[in-house]
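Student: Protein chains in written order, with our numbering: chain A, 265 to 428; chain B, 5 to 162.
Mixed in with the good hints there might be a few duds.
Here are the computed lysine-lysine pairs in the DSSO-like style, where the Cα-Cα straight-line distance is at most 30 Å [to be verified]:
id, chain 1, residue 1, chain 2, residue 2
1, B, K90, B, K71
2, A, K412, B, K159
3, B, K15, B, K26
4, B, K108, A, K344
5, A, K350, B, K159
6, B, K108, B, K86
7, B, K108, B, K90
8, B, K15, B, K108
9, B, K69, B, K159
10, B, K147, B, K159
11, B, K90, B, K69
12, B, K36, B, K108
13, B, K69, B, K26
14, A, K344, B, K159
15, A, K344, B, K69
16, B, K71, B, K108
17, B, K147, A, K344
18, B, K36, B, K15
A few chain B residues that face chain A, going by a derived Cβ cut-off under 7 Å, partial list only [claimed, not checked]:
id, residue
19, P137
20, P144
21, Y155
22, M158
23, Y162
Some chain B residues judged to face chain A by a derived CB distance under 10 Å, without partners named [what the hints assert, rightly or not]:
id, residue
24, P152
25, V160
26, P161
These are computed hints drawn from the structure, not numbers from a lab.
All residues carry an ideal CB built from backbone N, CA and C; glycine is no exception.
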Amino acid sequence: MGLLDQKFESSNVVITTMDDLLNWARLSSLWQMQFGLACCAIEMMAASASNFDMMRFGVIPRATPRQCDVMIVSGTVTLKMASRIKRLYDQMSEPRYVISMGSCSNCGGPYWEHGYHVLKGVDRVIPVDVYVPGCPPRPEALIEGLIKLQEKIRNESLVQKKAV
Amino acid sequence: MTAQEIHDILKAQFGDAVLEAKLENVPDPFAKVQADRILDIAAFVRGDERLQFDYLMCLSGVDYKGKLGVTYHLYSMVHRHKFVLKVEVPTDAPNVPSVESVWKTADWHEREAFDLYGLNFTGHPDLRRILLPYDWEGHPLRKDYQTPEYYNGMKVPY
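Isolated chain B, as found in the complex (with noise of 0.2 Å):
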């Protein structure tokens, strides 16, 4: 199936929660959404017969500077196509709703996603760092990240 269509079903589906795409001249094309749709989006195109996205290829946080942003890369396995969705969120509420419960797989991405950037993937069972160690302050990828001068004791900067 190709992007357009995977569009125009989402489109179709759920109209104004769909607000933007770039289906073309792009390697993955890509809609966002409405962040607070993207768990209704997410059970619909997993479970809808013409899409059957049964695989999240990748969960990907994103700072774009004064917006947070999560990244879907989903695959068919049946289809054999592929499509992403995006959704952003400010800064200072950075709420999304957690995809865990479609896809298993986004268990330790959101997690990561959470660690580096501070997401709040609310719904999530268990939401705590998977990478950094638990008494880490401050969530590092975000573009406004200090390095600290100490942690425990331990010089950072060279």
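For reference, chain A alone in the conformation it holds in the complex (with noise of 0.2 Å):
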């Protein structure tokens, strides 16, 4: 909105599209579900802070899921943790978007063979849209999941889906 602000002579009408005006909303507020599992919380907690500063992109951390859009699951995927991953999930409003980030909650990372205790990639329990690679990923790595995520958001459309 700052784009428009103060450009017109007297007060105005901008016109477009449900859609865009939606997605614009949805993309540039994403609230973030707040915790971290492991060391890509670190990564995590780094992204948010003054040097990367995600608060630019909207993304604000909250503590509770029913105030989040984005879940990020940053780390290590126990199966103790996997039934409350998925209880959070369920608790957050939709429409809701899952960033999966690093090398443990994509895949189960180094955990893949003799992790007894570890759910093998966290689309297991729930649906994920972006997936971060990384072990850890680098804040920058995180931001650009969060950028591919908002192009998504924005290619999204009320209109039913047809039939193809």
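Take each chain as given, in its own frame, and dock them per the hints.
Tutor: Have a look at this one:
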């Protein structure tokens, strides 16, 4: 909205589609479900801190799933935690998105063979929109994942999908 | 106090309950003791004026394949010396007296060893799983542990 601020000489009407308006609103304020599971959480915190400042994309960490739009699963998902993640995801209101951050939550990471307690990919319990590779991914990688998610949201549509 | 001196005090006090010892050429000199006497020995080494092992640094479970073991790493804040006690029990009857009454820190350590090795610490006030979910089956750090196919509907293998 800052782009349009003070640009008109008198009050005016801006015409856009409902899709564009809603998508723009959604992608510009992706409030983030705040929980870290392992070392990826350190990078996620760094991405939120002043050097990388994820808040400039409208990402605000929230401590309750009811206020969140995107869940960043940052770290090793143990089987014990998996049921909690599922419950937190179910408590988020729609539209909701999931970023899987790091090798562990993508596919089990280094625990893929001997990790009796590790879920081999968080996509076994909840649907994932964007996978961010890395062990752990740098904050830039997480921000790129976030931008990819924004692109995905930008192309969403309210129109009912037709069977092909 | 040297490991040899500590061992001699133990041997003089408990005799045959001290089974064997390795005191030289190891990073941590240790003595193997009878499992059913460990509580007496623990109370003695904590209370004795010369030893005063007031700090249980670590309590670990071990699977020796066929036998299970518990290792106690002890340290004395007063005398600045350390020593290691080991016990072994058969896998089908892994009963070890709890030393929770001697060192409070053993509470959670013994719960962990119970959780991952299935060691039964008799006399422990609250012996239940500490890391794994309560409905977990088996004890994963045992050598013969088989990773389950499913846990609560979630596929476990890769």
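Student: Could you check the structure against the hints above and give me the numbers of any it violates, in ascending order?
Tutor: Violated hints: none at all, because every hint is consistent with the structure.
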